[in-house]
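We have chain X already, so just place chain D on it with the hints.
So the chains spell out like this:
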Amino acid sequence: MKKLNEEQLNELQNDLDAIRDEVLADLGERDANYIRKIVRLHRTLEIGGRVMMPFGFIPPVFVAATASLGIAKILENMEIGHNVMHGQYDWMNDPSLNSQTYEWDTACSSESWRRTHNYEHHTYTNIIGKDRDYGYAVLRLSDDERWKPWHSLQFINYVLLSTLFQWGVGLHELETEKLTRREIRLRDKIPFLKDFARKGGRQAFKDYVFFPVLTLPVAPIVLAGNVGANLIRNLWASTVIFCGHFTQDAETFSEEECEGESKGHWYLRQLTGSSNFTGGKWLHVLSGHLSYQVEHHVFPDLPAHRYPEISKKVQAVCKKHDIPYNTGTFAKQYGTVLSRIARYSLPDALRTRLEGKRELQAI
Amino acid sequence: MNICTDVNGVRRTRTFSLSSSPLLWEIQGQITLTIKRLPGGLVTNWMHDSLEEGDVIGLTEAFGDFQIPQPAKPVLYIAGGSGITPILSQLETMAAENYRASVALLYFVRTQDDVIAREALTALAARWPALSLTIIATHEGEAPRYLKDSDLTPVTGLKVREVYLCGPKGLMDLANDLLSQRGVKEQQIHSTFFAPPAQAQLNSDQLGGEVTFTTSNLKVGSEGDANLLEIAEAAGLKPQHGCRMGICHQCSCRKTSGTVVNRLTGKVSGPGEETVQLCVSVPQGPVALNV
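In order, the protein sequences belong to chains X and D.
Numbered according to my numbering, the first sequence spans residues 1 to 363.
Numbered according to my numbering, the second sequence spans residues 1 to 291.
Derived by calculation from the structure, the hints in this document are not laboratory data.
Ideal Cβ positions, reconstructed from N, Cα and C, are used throughout, including at glycine.
No false leads were slipped in.
Taking beta-carbon pairs under 8 Å as the criterion, some of the chain D residues facing chain X (in silico):
# : residue
1 : 10
2 : 248
3 : 250
4 : 274
Next up, chain X with everything else stripped away, as it sits in the complex (with noise of 0.2 Å):
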């Protein structure tokens, strides 16, 4: 990690902040007219994918439905649910917008989701051992863990996770790492499986026996799109997500270094172990804005639609501190996290050997 003396970091953090402060001041109907837009947007979709699904048995019709509900789960739980739980939207003071109220159409439930993911993640950004969302404790993406031979299959690992990503990240606060090293007892779990299978219940008894009991001649195409919908989101979330911590260049951090560390450290972990990709508007807008994952780690509570707006400003501040800004095309982005997670599947001799090779025939 690139290493600022005290007074370095005090004028990054001021940097940014004069950044966060122009955002703030001028927050106003622009910022509530856009996600309202979103709101009425993922409405129409879901709404229009619900209704045309029981016609699914044309196929054209199918594949219109399931894309448009898909893409309805995407809306909502990237640019609605994740922003707003980050209290991007709680200046509004609007009831229905509310971080600490809202609740996604997703497996997990938002409390869970608040609790691992705006406080543990965004606190504990890629800090090994502490930021349980590097590998999410079921892929090896750093040589800070030790090899292990069940490693070797990691690859089956990622697919699975991708495809059940929902129910992948509503069971996360279980903790099962722990519960097998016998860190924590299963009990103490208790109240969070309990919720988890409230929240989880519901959203499969609404996508896998409600919608198609409610149309029962045509019930199996309901159920197929339904899968097929919440399969589009899973897919797609995972991806983006792991573009924006795990590309090649995204950083690592120990608990040694980060220990007391200042806001200005913190601005620097967040800037270096995050990594955008470019994009067309709706690549961004369908990321819930996590394309611009840099500035979603620095300024996690400004709307994301803000992002592209404010990303030069972070970038000057990165080169006039002289601090990589990690960014690529979509799909150099997702090569290089595809390469990381086969990579660190080696053993690290093997890894390494390959690593050098590589880097020779490159020479």
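Leaving out everything else, chain D in the frame of chain X:
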């Protein structure tokens, strides 16, 4: 009643008095609010400038204990400025039901041009002999002319009247003093505030104040720049929290009243109900929280 509306993207709630009688609602399904521009006021100015016919705003049910005495008793109203609005509503109702006892109104305005609903008031006084109307301008002479003891002399049978006060704090304090000197009992005096509390300066020695945790039924004092999260924890409460540095919004909760200063931005909140981050909010005067 409370009015709820979005001003520049932010939902604001403000309390206003009904100035029409409930009869208007029963007969025509309409209500009247008389709202004056408050200098520097966010919501009242927005209403005058931007609210248009056909726009939708939120309303709550009417509330308050400013009610006409039943059975009829002699009444004295002392109003200041736009504090006349709830009284207008009562006078309309009393006149319509031909209220039997005598009703006196002392209405204080800055200048004669500032009288709200002058026509309605004079029309009421003309057709309803029980009402005696006195309008006093406070800022037309050399020195301000505030409520004084001799204003109460013409009010017959003062000691047995129900007294209703609505106006700026100065007027209400003065009225309370004069009335108690004349032997009017506290139970006979009903007050309703209409002016927002004066905004305190952002100054470290003005921070702190009594914090009421309504859900936990607990009240504690605080001094200096202790934030609400620290105050709650010192009081033995365990509100949900996370980063303690204003990032994660784990500790956000509803403030039901009072003013807080955001430690990060130095911004002073509004006095009404809104969501605040406990870990970066410092009370400025008394604050009530849903914790």
